[in-house]
Amino acid sequence: MKVITVCGMGLGTSLMLLMEVQSIAAKHGFDVSGEATDLGSALGRKCDFFVASSEIASQLASKNALIVGIKNIIDKNEIENKIVPVMQAIADKRGE
Amino acid sequence: MLLLNGIVQFLSEPAFILGLVALVGLMVLRKSVSEVVTGTLKTVLGFLIFTAGAGIIVNALIPFSTMFTAAFHLTGIVAEDNSLVAAVQISLGTVTASIMVCSFLINVFLARVTRYKYIFLTGHMMFSFAGTMAIVLDLMKISGWKAILIGSVIEGVSMVLFPALSQSSVRKVMNTDEANADTVAVGFVPNTDTVAFGSVAKTDTVAFGSVAKTDTVAFGFWGSSWISLWGWVGGKFGNKSQSTEDMKVPKSLGFLKDMAILMSIVMLVLYVVTTFFVKAADMAKISGGQNPYLFSVIQALTFTAGILVLLQGVRMFLAEIVPAFKGISEKIVPGAIPALDVPVFYGYAPIAVTIGFLATLFGSLLVIPFSRWLPVTVLPSVIGLFFMGGAVGVFGNARGGRRGAIIGGILFGITWTLMIAFAYPLINLSKYNISGLWFASPDAIIVAVVMRLVGKLFGV
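Chains as they are written, first to last, in the working numbering: chain P, 51 to 146; chain A, 839 to 1298.
Keep in mind the hints are simulated off the structure, nothing from the lab. Everything numeric in this text was worked out from a predicted model, so none of it was measured. Don't be surprised by glycine CBs; every beta carbon is placed ideally from N, CA and C.
Subject to a maximum C-alpha distance of 30 Å in a straight line, what follows is the list of computed DSSO-like cross-link-like pairs (lysine-lysine): (1) P:K96 <-> A:K880; (2) P:K96 <-> P:K143; (3) A:K1089 <-> P:K96.
Derived, one-sided and incomplete: chain A residues facing chain P with beta-carbon distance under 10 Å: (4) Q1150; (5) V1152; (6) L1178; (7) V1180.
Chain P on its own, in the form it takes in the complex:
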């Protein structure tokens, strides 16, 4: 499955989020490829789910992908608690 992480410029925070998401995914046995990007280019991109800070997430809209908003982006527990069910749901849907 594919994740796109988003922040204002798509350089710092989104890349940190991406590395965190991928390490959590690996810990739970999910195969997640991903990309970090900025808010402007995130719209219209294809992926299974987006992860961003809550303020950025509120600006995102997608018909096909789930959007996960993280209130405190350095809180690893929050990220883990929020994305594991999402990844499980995507994996279940695909029958992986």
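Assemble chain A onto chain P, guided by the hints.
The following block gives chain A in isolation, referenced to the frame of chain P:
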């Protein structure tokens, strides 16, 4: 001989130096062959896109600089580090890329042997600082391995020093210092549930253990000192119990978070207003006969488009290099504290981000009418104003509530603009054929000014 020559030429291409770093990093992290190949190629491509973006930006700024001078008889600059550094890569690329890599190694070494465990992981900032060092040293007639050595040591030390300087402010923002423990409930925490859990747990351990051990994150951004300073000053005028987070901000301000839109608006205003003041005959020459306003609109949007291209390039090469840096530093430095990009603090007071940005924009605009008496006119530079202004809002709010955020922001806007204006004559970029661009990061400017002044003592 031919081979040696080939290797030397290969290593004088910055795109290949960074590609090599990605290659080594990906192999150290034991990635698969296909990941190593794609990662290395993407790094090289990213770097080439990055410099192409700089070309677009510089070309869109040349007519603007001419127009601005024709209209107001002043020199106008936009403060933006990434574009500036990208624009000098043809001549200073090797030194820049080498400084970036070596400064990371020095940072890891310092974090390993001293008690300051900060690992600076904001990649574009590492790159822009390395470029700043390359430029300043080049102007001081220091080049080659000497420039790489001096630049790397200064950047490596800065990567530990600046996070250390701002750490007490970071603790205030994150509520992990003792003094703040009691005010957790009245502060801005109720708005962000997860923060409350995190910070309460952290304050408990602070009481028993040493403070340093509870730090989970540091400020890895070259505006940290100036943001912490004005957040602290704002706090002196404020009242912490009146948080920005109880204020209502219209939802329609949401567009402010999209940098491309915000920058387009500001650049359009700058170009079109300037056009209005240029004599028709001069304008016809600059626009090559095209309708002046149409010309300005296209150039303003081309500038923004160039920034977007440049950022896409940076994004591509950082996506490979930063994880490698992170992986390596985690192996070498136990208990490393990552120093991260500025938005990690926005979540602690999201409304303060908007308030701080608007206050900082206002502060910087206050300086413009006085441009005649300054060495240069500093035009509203959106990226710096937004990211640093937002942070001053958060830091000011943590120490002095809404008044702290507003006063801190206005003072930051004024002082940042004045800092750039007064430092401008010390670093002349005309030799690189760059007009209309200058440095933006306060920490890097402070270091560069100190280097220039020390250099002048020794006659370089």
